[in-house]
Amino acid sequence: MTQLPEHTEKSLGLVIDLDTCVGCHACVVSCKGWNTENYGAPLSDQDPYGSDPVGTFLNRVHSYEVQPASGPAQLVHFPKSCLHCEDAPCVTVCPTGASYKRTEDGIVLVNESDCIGCGLCAWACPYGAREMDAVAGVMKKCTLCVDRIYNTNLPEEDREPACVRTCPAGARHFGDLSDPGSAVSQLVAERGGMDLMPEQGTKPVNKYLPPRPKDKIGEDIDVLAPLLEPVAEEQRGFFSWLDKALEKL
Amino acid sequence: MHPAPSVIIFTTLSGLGFGLLAWLGLGLPAVTGIVAFIFFAIAFGLAVGGLMASTFHLGHPERALKAFTQWRSSWLSREGVLAVAALLVMAVYGFGVVFLSVQWTLLGWIGSLLSALAVFATSMIYAQLKTVPRWNLPLTPALFMSFAIGGGALMAGQIKVATVLLIVAGIVQVAYWIVGDRALLGSGSTLSTATGLRFGAVRAFEPPHTGTNYLLKEFAYVVGRRHSMKLRVIGLALMAVVPVLCLLLPFSHVLAAVAVLSHLMGVAVVRWLFFAEAEHVLGLYYGVR
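These protein sequence lines are chains A and B, in that order.
If you read the first sequence in my numbering, its first letter stands for residue 1, the second for the next number, and so on.
If you read the second sequence in my numbering, its first letter stands for residue 1001, the second for the next number, and so on.
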């Protein structure tokens, strides 16, 4: 049923730390790997080793340059995947009931056997979180690794989304954002976690932690510079003669 | 937005087909027998042909029946339900008119209303999307409805009404362009709100992938936008100006055919622009419109 639940027992989601992300794309690769080998249709590639490769990904990392009013520009790496919105517009537009938001944990999923591949849910998503798989003809999206997080066959430390598990920088956090006591909620409160495109009214569950203000750079930057000053301004001796001789040639 | 031919054919043809059905349901023109058969055949051909075309872009058209289930929340589902209901009611009404020479007036009115609602539901598929500010306007349903009813009147041979309605459709189209051109700016969505990075001017530095992808192909269609002004003039001339001039001249079947064909081509042109010019807010993440 594509009507949204009035209330979900939990709001599982991600908190992504833009201050810590180094833009290595490891989360992109682990996501592609896990979600190709496990639940649902594999994430296909077209012409993967050719000149024009295209493929389905559930997580992509943009990079932005931010130029403050003064001081140097800053590069921000920006991973983006489904935000599992409370008011998910992708769910209500679905004509078949394939898209749904789970009451128990708030995860937005696609029932692939009901999806007709009309693409309207991808149109309704402001974040580009849904991609139609060119081979399977069904809509693919982040499942929050629903087949990992409850999977008792996995060791406990692996029961989190593949992107979170793999992140070498610790920039991705997973938890229940409806519980104010959870580690992720505390992180959001502490660091001023924010919504993407709040004006779209989607009420995203995933939050982004803004980059911390950069330490002062400027005056201190050339602390060693005096030692690098050229010691001989004027040429003397043999090289001076050589320079002049070559000039005359 | 990517102007998929299947969707342009669908909205153009079935809009016109349901527009004609709406007039036929009202008994305008009050035809019976073989003449009625031809009118109904054209209307059903356009409406059904358009609906068939719309299934071509589906990943799994064999599951299309499932699309009738979610009418409580989905405009796409509502559109399917209303279209099929309109076709069924109008088929019964058409049977009476063609074979029994009787007009079941109430049934005709219901069919007419359902046909108009089917077009409205089509327009709401686009108008509901906050992600495409140019579509997320009250003028979008006005545009689809004025085209369907005006074009339907033209097809139904309602010369005086069609003249007025096609002029109205032309005015709605121009208003849609004027308002639509400011819609993205007015939506308040920028790369700043998209990324939440507010401590300086944000610029898309490096995209997440070196090639293209589904998102860019579907949402960041820019080819042809530079010709949009020329296409607007051509489309408006074909869909409204030429047909209205034809209708103002003394009636002949050749002129009527010219008017209908010109209108059909004009609607296809402006419908192509409707998609090609529409900007999805996702483009902001890629630094494109």
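Keep in mind that a hint or two might mislead.
As the list claims (entries may be wrong) - Have a look at the derived ranges for each label pair, beta carbon to beta carbon:
no., chain 1, residue 1, chain 2, residue 2, range
1, A, Ala225, B, Leu1185, 43 to 51 Å
2, A, Asp47, B, Thr1032, 58 to 66 Å
3, A, Ala134, B, Leu1185, 54 to 62 Å
4, A, Asp47, B, Lys1230, 46 to 54 Å
5, B, His1057, A, Pro198, 30 to 38 Å
6, A, Glu199, B, Ala1237, 36 to 44 Å
7, B, Gly1186, A, Leu227, 40 to 48 Å
As the list claims (entries may be wrong) - From the derived model, a few chain A residues whose C-beta atoms are all more than 10 Å from chain B:
no., residue
8, Tyr39
9, Ser63
10, Met197
Said to hold, decoys possible - Examples of chain B residues toward chain A, derived with CB under 8 Å:
no., residue
11, Arg1063
12, Gln1070
13, Ala1085
14, Val1258
15, Leu1282
Calculated from the structure, these hints are not laboratory results.
Quantities reported herein were computed from a predicted structural model and do not represent experimental measurements.
Ideal Cβ positions, reconstructed from N, Cα and C, are used throughout, including at glycine.
Index of numbered hints that the structure contradicts, given in increasing order: Hint check: 3, 4, 7, 9, 10, 13 and 14 fail, others pass.
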